[in-house]
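**Student:** Assemble the whole structure, with the sequences as input and the hints as a guide.
Residues per chain, in single letters:
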Amino acid sequence: MTHSLTALDLAEARDGLTARKFSARELTESYIRAVEGARPLNAFITETPERALTMAEAADQRLARGEGRPLDGIPIAVKDLYCTKGVLTTAGSHILDGFRPPYESTVTEKLWQAGAVMLGKANLDEFAMGSSNTTSWYGPVENPWRKQSERHSGDNRPLVPGGSSGGSAAAVAAHAAVAATGTDTGGSIRQPASYCGIVGLKPSYGRCSRWGVVAYASSLDHPGPMTRTVRDAAIMLRAMAGHDPKDSTSAPVPVPDYEAALTGDIRRLRIGIPHEYRADGMPGEIEVLWQQGAEWLREAGAEPVEISLPHIKYALPAYYIIAPAEASSNLARYDGVRFGLRVEGESLDEMYELTRAAGFGAEVRRRVLIGTYVLSAGYYDAYYLKAQRVRALIAQDFAAAFERVDCLLAPTAPSAAFAIGEQSDDPIAMYLNDVFTVPANLAGLPAISVPAGLSADGLPLGLQVIGRAFDEAGVLRVAEVLETAAQFRHLPAFIAGGRG
Amino acid sequence: MSTDRMIEGRTGKWETVIGLEVHAQIVSQAKLFSGAATEFGAEPNTQVSPVDAAFPGMLPVINRHCVEQAVKTGLGLDAEINLTSVFDRKNYFYPDLPAGYQISQYLQPVVGHGRVVLDMPDGSAREIAITRLHLEQDAGKSLHDQHPSLTYVDLNRAGVGLMEIVSEPDLRSAEEAGIFLRKLRSLLRYLGTCDGNMDEGSMRCDVNVSVRHPGEPYGTRCEIKNVNSVRYVMQAIEYEARRQVELLEDGGSVVQQTRLFDVGHGVTRPMRSKEEAHDYRYFPDPDLLPLVLDPAWVEGLRVALPELPDVKKARFVSALGLPPDDAAVLVAEQATALFFERVAAGRDAKAAANWVTGDLFAALNRLGIGIEQSPVSPEQLGALIDLIANGTISGRLAKDVFAEMAATGADPAAIVEKKGLRQVTDETAIAAAIDAVLAREADKVAEYQAGRDKLYGFFVGQIMRATQGKANPALVNQLLKQKLIS
Amino acid sequence: MALDRATVAHIASLARIRLAEAELEPLANELSQILNWVEQLNEVDTSAVAPMASVAASRLPMREDRVTDGDSPEAILGNAPRTAPSGGKAGFFAVPKVVE
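Chains as they are written, first to last, in this note's numbering: chain A, 1 to 500; chain B, 501 to 986; chain C, 987 to 1086.
Quick caveat, the hints were computed from the structure, so don't treat them as lab data.
These numbers were taken from a predicted model, which means no experiment stands behind them.
Check each hint, because a few of them may be wrong.
Listed below are the simulated DSS-like cross-link pairs for lysine-lysine, each with C-alpha atoms no more than 25 Å apart in a straight line [unchecked claim]:
#1 A:Lys246 - B:Lys918
#2 B:Lys725 - B:Lys590
#3 B:Lys944 - B:Lys954
#4 C:Lys1083 - B:Lys590
#5 B:Lys641 - B:Lys725
#6 A:Lys110 - A:Lys85
#7 A:Lys85 - C:Lys1075
#8 B:Lys641 - C:Lys1075
#9 B:Lys641 - C:Lys1083
#10 C:Lys1083 - B:Lys725
#11 B:Lys899 - B:Lys919
#12 B:Lys918 - B:Lys954
**Tutor:** Here you go:
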């Protein structure tokens, strides 16, 4: 139906701009309309069309002079966890009402330096805590996908896009952005990518700078790209990655040309199949898809190998001690004094307590309380230290596996997208959505989700490739082979069925 | 153990046990984890980075120079340097602590056990053990007196590097605590790692006090926070020890609590915080990695340390022959020691010491200034000493010359010339003066020759008056004796 | 580990989050459930391994002692809900008075 500019992926748009088939302004205007059209999804908290046009015009001037930068004119959505100078930055929370940062995050600064255009700030679970984008102060995000009514009578409820980077995923999937930035602390890039049928890459820890990204759990937060294709992810990662002296945990390693690494050749690579990556009640179709994935890789000349990660089932509980602990400390700064919401009180402590009670949602409050508890006197050894020891064991499991294989293949999530409201009563049920993604966060390893097939209800399912530290190139290469084999050409109802 | 420091109570003698935690601001251009400036006295919130103000997404990066200063201080304290140390978050809420946590070091500080040697008034040396030194951020300033219902917060100081230096509870009196603090301050100034300026808050002290009967285990202690002068530390200790003794002798028990020293009333009183027992929930800061120091780098710092007071004092005694008391006075402040060394270079060290600790100190006290602002330079003082040594001027008149030097900053030679104070060494002239006096006082001469020896001093005085004090005393004696005999 | 209401109230106080009376019981149940769930970590023998605080393997990088920031009170005070002036562009954050 469409020769619409918004149907082009990043590489295609880049090539079209370079060849001057259309201008950056035209491309951005198409996306501004697409963003407006996608409002029913609630994927954006703040739209920045004027700024986008200004940036597009600057890109056009550079392109006209033949001085095009790698992402010139490419319209992207920025997860509202990244501080953008002078532009409202909320972290999806009431407690950051009105906050306009006087600084730009390192990663977004790099993207603007590369010529990208900012369409707006994407919705997210509050403070990146969640796997459904239903905890945002700004309301839930809808997945552009719906269950296919031919297959399942009547159930046309809106679905979650996954989280926490739900707005980013929905925007990319609905063609309301070419690409988006996300962050992944327990799976928040990969799981929504899987639910929305797009590509989501969590790089190695320290690969992308955390400076200017609102912190949730410092040792687990990973900024990364969300795109339509693996090639697009490679292009975005190259622009986003790099050592930052302002972030002490930033890795002092050079950034390779990821696009050039997409050779398509994975012959003789050994692909680990971790047999513990199975969850109770996981639909059989996911197991089938996983085996299909292994088969695709075998056909491409790689060698699937069964491996064991014996402690992997403890990754999730370890995560739900470590992440809340770090978060409880990182979120102490939200106190009504220097920015954001303030609820007045008779005393200072009352002001703190009322501000934070009003400003934080239920999930954030839950995690801050758990985190405070597990760090408190008498419990630190039993919980926090214990969890960090288990973390060390999980890292050892991966290290041992990588002596036998080059990367791992696993499902991304134990299910497809579920209906908004379906899991909201049971926090632990919500936490289990991250069971396959969390291990790579604990170990700081690069991992990508690639849309590989549809569920029985016609919803996207992703497969995950996990690699050695700083081997994003290898992970991308294997992922592209999967992508080629999977030929996932489906589009969500929101686009295909006619837009609003 | 000396019992004269103890408190005499109804139930016997009480020993005061004191431990000090000194917070010393690190001398550096920029803060410990950010690039904002550290200078004192700036307009509020003008020396604040978004990192210091704990804005969303901000991250700490450690200042190498601050680490160096901490290690140098550790070396100066003769302490173990821990090549691996860890930064921890100390979590609590207060408006001058923007992040809701302070970056500090808990279980693995950068410096371990060390010591400070005190020069006691009776000439003995007493060693006080240092438990540890760690790096941490300073907090901002809360002003509670600017508004009836608001506290104002200035974050200029938030994030400035501090060294927390903790002593073992080895101190046994307020006096000892005072000596310890002065010694520590002097050491830090020698090292250039802290300016020790308690008025400006660059050195502050938390004082832990408990009491016990000698030989018993330690009693419950109270902590008196943020005392900002040596005098107040001593007063606070005196008061608190007595308070605890009275409490215990009345049958009560000491409650472990945090107290403040009320300067106006000279008493300690409990702090009115809601939570007495803070649960700081320490954990390693995940935004930082372990601090790992290169042993060669540490060794390089050790080799480059300046000569420290204890070593300098020993050298003054052994190489320069100074009495230990004088040496101690000269090394107490590095500026004094350096001044003295320049005066003493190539001269009689004892003379130099006497002039510095005598006339110079008196003049500085009178003018209310420190030796860094001395109107007399070391070279000028040295020149004055030379003039005495080579007989140009008498010791007595030199004092007058010095007073003039202090008042005008002029060189001694110029003053001597201008005032005509040159010592008279011309034997003929002295002989003539003596003859004149003896002729005038002929009857007293007769008395002297008859046995009244005391009149000798009278004759000397008259001769000095007649020569306006300029006659060389040795020559006067020599010639006067000759003439009196004949 | 079962948390009781008093513990939840204490934790909330440490975290400076006001809880209504009516919330204490349900929260205690919820948090207890989560803590019980994470306690499965006790099944793991961790005696032979040290806690892993960070996956970043390098040592702490250090910066030069130069003033590179500050001197921008507008940026620091610009988002504050309440400030008090002090002359020029400088000023204070203002909070309810603390009694010491």
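**Student:** Determine for every hint whether it applies to the structure shown.
**Tutor:** Here is how each hint holds up against the structure:
Note on Lys246 of chain A and Lys918 of chain B: the hinted pairing is violated, with a Cα-Cα distance of about 66 Å set against a maximum of 25 Å. Between Lys725 of chain B and Lys590 of chain B the CA atoms are separated by roughly 17 Å; this keeps the pair inside 25 Å, and the hint holds. A C-alpha spacing of about 11 Å is found between Lys944 of chain B and Lys954 of chain B, which places the hinted pair at or below 25 Å, so the restraint holds. Distance hint between Lys1083 of chain C and Lys590 of chain B is fulfilled; the C-alpha atoms sit about 23 Å from each other, no more than 25 Å.
Between Lys641 of chain B and Lys725 of chain B the CA atoms are separated by roughly 15 Å; this keeps the pair inside 25 Å, and the hint holds. With a C-alpha separation of about 13 Å, the suggested pairing of Lys110 of chain A with Lys85 of chain A holds against the 25 Å cut-off. Restraint check for Lys85 of chain A and Lys1075 of chain C: the C-alpha separation of about 20 Å stays at or below 25 Å, so the hint holds. Distance check on the hinted pair: Lys641 of chain B and Lys1075 of chain C sit about 18 Å apart at the alpha-carbon level, within 25 Å; holds.
With a C-alpha separation of about 13 Å, the suggested pair Lys641 of chain B and Lys1083 of chain C falls inside the 25 Å cut-off, and the hint holds. A distance of roughly 20 Å separates the Cα atoms of Lys1083 of chain C and Lys725 of chain B; the hinted pair therefore holds under the 25 Å criterion. A threshold of 25 Å between alpha carbons decides the hint, and for Lys899 of chain B with Lys919 of chain B the separation of about 14 Å falls inside it, so the pair holds. At roughly 36 Å between alpha-carbon atoms, Lys918 of chain B and Lys954 of chain B are farther apart than 25 Å, so this suggested pair is violated.
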